[in-house]
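Take the given structure of chain E and dock chains B, L and C with the ligands to it, following the hints.
Chains as they are written, first to last, in the working numbering: chain E, 1 to 322; chain B, 1 to 322; chain L, 1 to 376; chain C, 1 to 376.
If you're looking for bench data, these hints aren't it; they were derived computationally from the structure. A quick note: this is a predicted structure, and the numbers were derived from the prediction, not measured. A couple of the hints might just be wrong.
As the list claims (entries may be wrong) - Quick list of in silico lysine to any residue cross-link-like pairs, SDA-like style, CA-CA up to 25 Å: (1) K46(B) <-> W299(L); (2) K300(E) <-> R106(B); (3) K202(L) <-> R33(B); (4) K237(L) <-> V6(C); (5) K314(E) <-> S331(C); (6) K202(L) <-> R242(C); (7) K300(B) <-> F55(L); (8) K46(E) <-> K150(L); (9) K237(C) <-> R4(L); (10) K202(L) <-> E51(B); (11) K150(L) <-> F48(E).
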Amino acid sequence: MANLTLVQAINLALIQEMERDDRIILLGEDIGRNGGVFRVTEGLYKRFGAERVVDTPLAESGIVGTSIGLAMAGLRPVPEIQFEGFLAPAFDQICTHAARMRSRTRGALTVPLTLRVPVGGGIHAPELHSDSPEAFFAHQPGIKVVMPASPYDAKGLLISAIRDPDPVIFFEPKRLYRAFREEVPEDEYTIPLGKARVVTEGDELTIISWGAPVVQCMNAIESSGKSIELIDLRTIDPLDTQTIVNSARKTGRVVIVHEAPKNCGLGAEIASRIMEHCFLYLEAPIQRVTGFDTTMPYYKMELEYLPEAERIGKAIEEVAAY
Amino acid sequence: MANLTLVQAINLALIQEMERDDRIILLGEDIGRNGGVFRVTEGLYKRFGAERVVDTPLAESGIVGTSIGLAMAGLRPVPEIQFEGFLAPAFDQICTHAARMRSRTRGALTVPLTLRVPVGGGIHAPELHSDSPEAFFAHQPGIKVVMPASPYDAKGLLISAIRDPDPVIFFEPKRLYRAFREEVPEDEYTIPLGKARVVTEGDELTIISWGAPVVQCMNAIESSGKSIELIDLRTIDPLDTQTIVNSARKTGRVVIVHEAPKNCGLGAEIASRIMEHCFLYLEAPIQRVTGFDTTMPYYKMELEYLPEAERIGKAIEEVAAY
Amino acid sequence: MPARTVFTASIESVSILDEHGRFDAQLGADLIPDEDVIKLYEAMTVSRQFDQIAFKLQRSGRMGTYPENRGQEAASLGTAYALNNDDWLVPCYRENTGLFWRGLPMEYILLHWMGDERGNQIPAELCITPLAIPIGTQLLHAAGLAWACKYRKEDRLACTFFGDGATSEGDFHEAMNFAANLDLPVIFLCQNNGWAISVPTKIQCSAPTLAQRGLAYGMESIQCDGNDIFAVVKVVKEAARRAREEHRPTFIEAVTYRLGDHTTADDARRYRDEAEVQLWMQRDPLVRLRNYLTERKLWNSTKEEALQTKAKEQVNAAAKRAEEIAATPTSEIFDAMYAEIPDEVRRQRDTMRTSSLGQEQRGIEASPAPSVEETV
Amino acid sequence: MPARTVFTASIESVSILDEHGRFDAQLGADLIPDEDVIKLYEAMTVSRQFDQIAFKLQRSGRMGTYPENRGQEAASLGTAYALNNDDWLVPCYRENTGLFWRGLPMEYILLHWMGDERGNQIPAELCITPLAIPIGTQLLHAAGLAWACKYRKEDRLACTFFGDGATSEGDFHEAMNFAANLDLPVIFLCQNNGWAISVPTKIQCSAPTLAQRGLAYGMESIQCDGNDIFAVVKVVKEAARRAREEHRPTFIEAVTYRLGDHTTADDARRYRDEAEVQLWMQRDPLVRLRNYLTERKLWNSTKEEALQTKAKEQVNAAAKRAEEIAATPTSEIFDAMYAEIPDEVRRQRDTMRTSSLGQEQRGIEASPAPSVEETV
Ligand SMILES: Cc1ncc(C[n+]2csc(CCOP(=O)(O)OP(=O)(O)O)c2C)c(N)n1
Ligand SMILES: Cc1ncc(C[n+]2csc(CCOP(=O)(O)OP(=O)(O)O)c2C)c(N)n1
Ligand SMILES: [Mg+2]
Ligand SMILES: [Mg+2]
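Isolated chain E (complex conformation):
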C-alpha cells in the first residue's frame, strides 16, 4: 500500500502492466523523454526504452490510426491524446474504425487499444484543455468509456481497460490528478468495467456523477445534512443501469451531475433510463446539474460553468422539496 495521487496510481498501473505484457506499447505526444505534460508517463521511457514508449509526430488521427493497426496485429497499444480537446482530430479513426472493426469483420479483427485522455476543467488551462466530451463517445457504439474519480479506481480501472479485448477511452480528470492521495495497493487488482461504485449509501436522494464532479458532490452532500446515495459511474459506457435503477427505486429522487453541456449529455441518457425503469417510483423530476449549453468559457469564468458544490446543493434542496 502506498499513498498515491491519481497521476501516480496511473503511472504504477502502466508500469505493472507493461512488465507483465510486452504487447503493450505507449505512444503519443511528449510521453517519452518528457514523461507527458502531466508527468503521467514519467520514468517509463527510461525504464522500457524508446521502442515501447514512443514520442510520435504531432498528429492525433495518426496516433489513433496507427494504434488501430498495432491492435489489429495483436499488440495492446495505449495511446495518449494530450488533452480531450484534441480528440476531435482523431474522432474519425475512433468512431469509424476503432469502434467498428470488430462488428465490421464479425470478429476477424479486433482493436484492443486503451486511449488515455486527460479530461475536464478546473485547472485554469487554455481553451480546448477543459472540455468534457464523454457523451460523444458514449453515443458511438463499439467503444467503451471509462472515467475514474479516485487514485484507487484509476489503477484498477486502467488495468481492466488495458486487458479488455475491445477499445476503451480512459478519461483522466485533470482536476483530480494531484487533488488528493489515497491508499493504493502495490499488488495488481482490477475493477470491472461497467460497474458503478456506490460512494455513500443513503435513502432520501440519489446523486449520480463521474470524474471530477464526484468530489463536488461529496462536498454538497456533506453540507446538505441529508441521507444521500452517491453513485460514481466509473464506467460511462456501458452504463451500470442496474445500480442506478436500484438506487432510484429506493430513493425516488435523483440528481445527475456532469461537467459537459446539458443538451444530449450523458445526464439525459441516465434520466431517460431511470424514467423507463422506475417510472412509478419517481417522486420528483430528475434534475441535471451540468455545464451549460455554451462553449466552455476561458478560465476566468470556468467556475461559473462547472457544476460546483453550491449549484449541486441547490439541486438537492429542490429535488428533495418537490
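Structure of chains B, L and C with the ligands alone, referenced to chain E:
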C-alpha cells in the same frame, strides 16, 4: 407551385438564394460538373460557373475548414459533405472552430456557413453511408442542426439556414430524396429555425420524430386508429421545447422515434426535457423507438435496425396501454 | 532569388512492357518466369470476368453498389505477386485482382457489396484487412500493422492501396509521415486512375506527379506504369526489399485508368470524354499482357477460350455461394459488437422482437442493494 | 533502377544577415530602409520585454500558461513588415511581435492568456484572427480567407503562421493542397523552432528540410534563416508578389529557435541540452540586429537605455490595462453563443443564479396549443 421531390426543392432553394446573394459559394466533392452524387446541385455548375460551384479536393476537414475561412471573411459558403459518415474527418473543424468562433471572439468573427449533408439509412448503401449522427452535433454548443422531412420544409428551412448568421448543419434524409413529391411554391419563403411542425394533431399520445422516420410514424399512426399528435422537429438544435411540452402536457403519453443509436441519442434529451417540464402530466414512461446500440449494420439487415412502422406501432400500443 | 541549395530530388518513372508492346529487356530481365506471367494473365482474366458478373448482379438487383476494377488489374496483382503471403495487404476497393491472387475466395467481395459483413470476416492467415470505405483512413492502419511487424522483429511488411483522391485526405499525410519518421516497413501503393468519382486528378494534385508527394517526407518515391505488370512487380520488389532490410517505407504512384464508371451508381459520361476512355482502352493491362504472351507464342485462342469458360464458371460458382449463403440471425448485429455483450445491448437483442424498443420497461428487476465494492 | 525522370526539384535557403554579422549586400540591397530597420529593432525589443513581463505575471499567479516568443521575434515581425495592412494574419501563438507591428494592442494577448475571451475580440480593421490553440487547424482558415479575397477580386492575401509540429497534422496537408490546387493567395509561414514541446523536429519530419513539404503540392517552397529579419522580409515579399500577381501560394520554412521553455508550464531542461540553447543564443535575432545597427552607427547604448525604459513602460501599461479590465457579467457566456439567443440558452442564463441547473422546472408555461404552421 410545382410538384417537387426533396432533391428538387433543395436544388430550387440553392438556385434562388445564389441568384439573390453572390456571397454564396458551393463547395464539395463532385458537386460541380457531376451535380453531386445525389444530383442535388444538378445544373448549378453550368448556371453559376466554376467560381461559385467548386469541386474541391477529397478532404472533408479541408472543405469545412476553408468554408470557415470563407465565412469569416463575410461570404456565405454552403459546403457539402457527400455522406454523413464523412462528417467524422471534419468533426474537429466543425466543433472546434465553426461552433466556437463567435463565442471565442465575442462576436468579432462569425461563421455563417450551411453544411449540407445527406443522412440516414434505408437506401441499401454501403457502410458509413447510412448513419444518423445528429446527436453528436446537438451536443456541441454553437452550431445549429436542421433536418427537413418534406420537400416544402426542405426549401424553407434551407433558405433560413443559409441566411442564418451562425453555422448550421443541414441534414438531408436520403431516403426521402425522391420518396414523394409535394407542392412547393416557386416564390421564396422561409421556415424559421427552431420551430417544430405539428404534422397531425391528436390528444391520446404524442410522437416526436424528425427526418425520414416521420414518414414511418405517419404510417404507424394511420394503422393505430388512435388520436395521435405527431411532431416533426425540423430543427434538432435549438430544440423547440415549447411545442414538445405543450403536446406532452396535453396527451401525457409520448413516443420518440429516431434512427440513431439510443444511447445518448437526441431521444434521451427530449425525454429528459419532457420529464423536467411535464412531470406531473405524464401518464406513462416515455418510450424511445430508435436504432440499437450497435453499429448500423450493412444493408442486408438495415431494416431490422431502422425504426420501421411496425416497431413504432408496438410502442404506441405499449405507451397507450400503460 | 540566388541562395544556397539545401535539397534536391527527382522522381523517376518505370515502364517495362509499354502500351505498344515494347519490352525493356534489361529492366525486365529475370523478373517474372514465363509460367508465372501466364498465371498472372489468367488471374487478370478471372478478375475481369468477376467485374462483369458483379455488374450484372447489381443491375439485376441482386447486389448493391459495386465498383468495377476493370483496367486496373495489373497494379494490385503485380503487388500481391511481388510480396510474401504473410505481408499485410490493406486494400481500398479496387484491388480485387491482388486479393484473389493472395487467396481471398471471391464470394467475400460479393458478400461485402451485398451488404453482408461476413464479406469482411477474412481468414486470419490471408493477412488482408477489409475493403476500406472511408477514403484514406486505412493508410494509418497499414502503418500500425507494419509497426507491429517491426516491433516483433518479423520479416514482414504492410502494403496499402488507395486512389489519387485519397492523397488529398489528412490521414494520407499522417500515415506517410509516421511511416517515414518512425521507420516503418510500409509500401504505399497509389493507384492514380485519373479520377476520384467525377473529380480529375489535377484537382487533387496540381503538381506534375503524385509520386512527388513522398518527397515531403524524405521517402523513397517512384512512379510506374500501373498498367504494366512488369513495372509494378519491379518497383514493388524494390520497395519490399527496402522495407525488409531498412525498415523504410516507399511511395509508389501506379499510373492507371478506371475504364468503367466509378461505381454502378455513377455515370462517367457526365464528366469525362469518351476520347479519353478510348485512349486508355489502348493501354488496357489485360490486352497488353495477352498480346505479349501471344507474340511470345505462350498463348493462343484455344487457351483463351478455355480460360474464358473456366473463369466464367469460377465466378458464377462464387456468385452462387454468395447468393445462397444462409441468412444470419438478427441477433448477430448485437453479438458482434463486443467480446462480451453488455447488459443493455443484450436487453435490446433479446426484446427486439417482443418490445417496441427492443427493451422492456420492466427488463430490470428489483435486486438486492448493490454492494459497496470500494469506497474511498 | 534506371528509368525516365519525370520531376526534379530543389530547395533553396536564403540568408542575408548571418549570425556572424555578415551582410549579403546584393540580396539585401534596397530591402529595408535604415529608419525601418531601427523601428523593427525597437519592435523586437518591446516584444522581448513583453515576454519578460508576461512571464512574471504568470509566475506571480496573475496570468495562466504563457508561451514565450523569445528568440523567434524576427520571423513574424519581418512577415508583418513585408505585408500590407489589409492582408490577413492568421497566427498560432508565437507571433506576438508581428501582431504588435500590425497594431494589435498588447493587452489583447495578455487577456487571452488571462483566460478572457475579450483578448480575441480583435478589431476588424486589423485583419487578425485569434491565437490558434488547436495546432494546425488555422491553416485551413487562412486558405479560406485567401479564397474569399480572390473571389472578391481584392488585392489581398492571407498569411498563416505555425510551428514545425503543426506540419504533422492532417489539416496542414489539406490546407496546402487546397491552396495549391485551387490557386489561393496564401503564404504558409512555418516557424521551425526545433521543438514541438519536447519532441525534436526530426520526429515531425525526418527529411533534411521542412521546406520540401511544399514539393508535394507543386508549391513554391523556400527556406530562410528565420532569425535574420532581412531574409524573412526578402522571401515574404517575393511570396506576397506571387500571391497577388499569380494567386499562387508559397511555403516558407523560417529556421529559428525557441530560446525559452515551450510555455510557462514546461521545463525544457528535461529534454534538451543546454549546449544547444547556448548555440542558439549566438544566433539571437535581436542581438544580431542590434550588432548590425551598432556597427553601422545607427544605434548606441544611450538609445538602447531609452528604448528599454520605454519598452518597459509600454508593456507595464498594457499589463495594467489587462489586469484592470472590468469583469464581464456571467451572462456573456450565454449571450456570446449565437446572433440570437435560443430559448433554452436564455433560460439557462436567466436562472443560473436562482436555480440549480440554470433552469427552472416550471420555466415553460402552459400556452395556447401550437398552430399547425405547415402541414404536408
Ligand atoms: C472520407 C470519404 N469521403 C468521401 C467518400 C465518398 N467517395 C467514395 S469513393 C470517392 C472517390 C475516391 O477516389 P480515389 O481515391 O481516386 O479512388 P478511386 O475510386 O478512383 O479508385 C469518394 C469521394 C468516401 N468514401 N470517404
Ligand atoms: C491538435 C493539438 N494537439 C496537441 C496540442 C498540444 N500542444 C500544444 S503546443 C504543442 C507543440 C506545438 O509545436 P509546434 O507546432 O512546433 O509549435 P511551437 O510550440 O514549437 O511554436 C502541442 C503538442 C494542441 N494544442 N493541439
Ligand atoms: Mg481515383
Ligand atoms: Mg516548434
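Taking the hints in turn, this is what the structure says about them:
1. Our distance criterion of 25 Å between C-alpha atoms is broken by K46(B) and W299(L), whose separation comes to about 50 Å.
2. Between K300(E) and R106(B) the alpha-carbon distance is near 14 Å, which keeps this suggested pair within the 25 Å criterion.
3. With a C-alpha separation of about 15 Å, the suggested pair K202(L) and R33(B) falls inside the 25 Å cut-off, and the hint holds.
4. Distance restraint check for K237(L) and V6(C): the Cα-Cα separation of roughly 21 Å lies within the 25 Å cut-off, and the hinted pair is therefore satisfied.
5. For the hint linking K314(E) to S331(C), the alpha-carbon distance of about 19 Å falls within 25 Å, and the restraint holds.
6. About 21 Å separates the Cα atoms of K202(L) and R242(C), which keeps this hinted pair within 25 Å; it holds.
7. A hinted pair counts as satisfied when its Cα atoms are at most 25 Å apart, and K300(B) with F55(L) qualifies at roughly 18 Å.
8. Among the hinted pairs, K46(E) with K150(L) is consistent with the structure: their alpha-carbon atoms are about 21 Å apart, no more than 25 Å.
9. For the suggested pair K237(C) and R4(L), the alpha carbons sit about 19 Å apart, so the restraint of at most 25 Å is met.
10. Our distance criterion of 25 Å between C-alpha atoms is met by K202(L) and E51(B), whose separation comes to about 17 Å.
11. With a C-alpha separation of about 17 Å, the suggested pairing of K150(L) with F48(E) holds against the 25 Å cut-off.
In this structure, only the earlier hint numbered 1 is contradicted, and the remaining ones agree with it.
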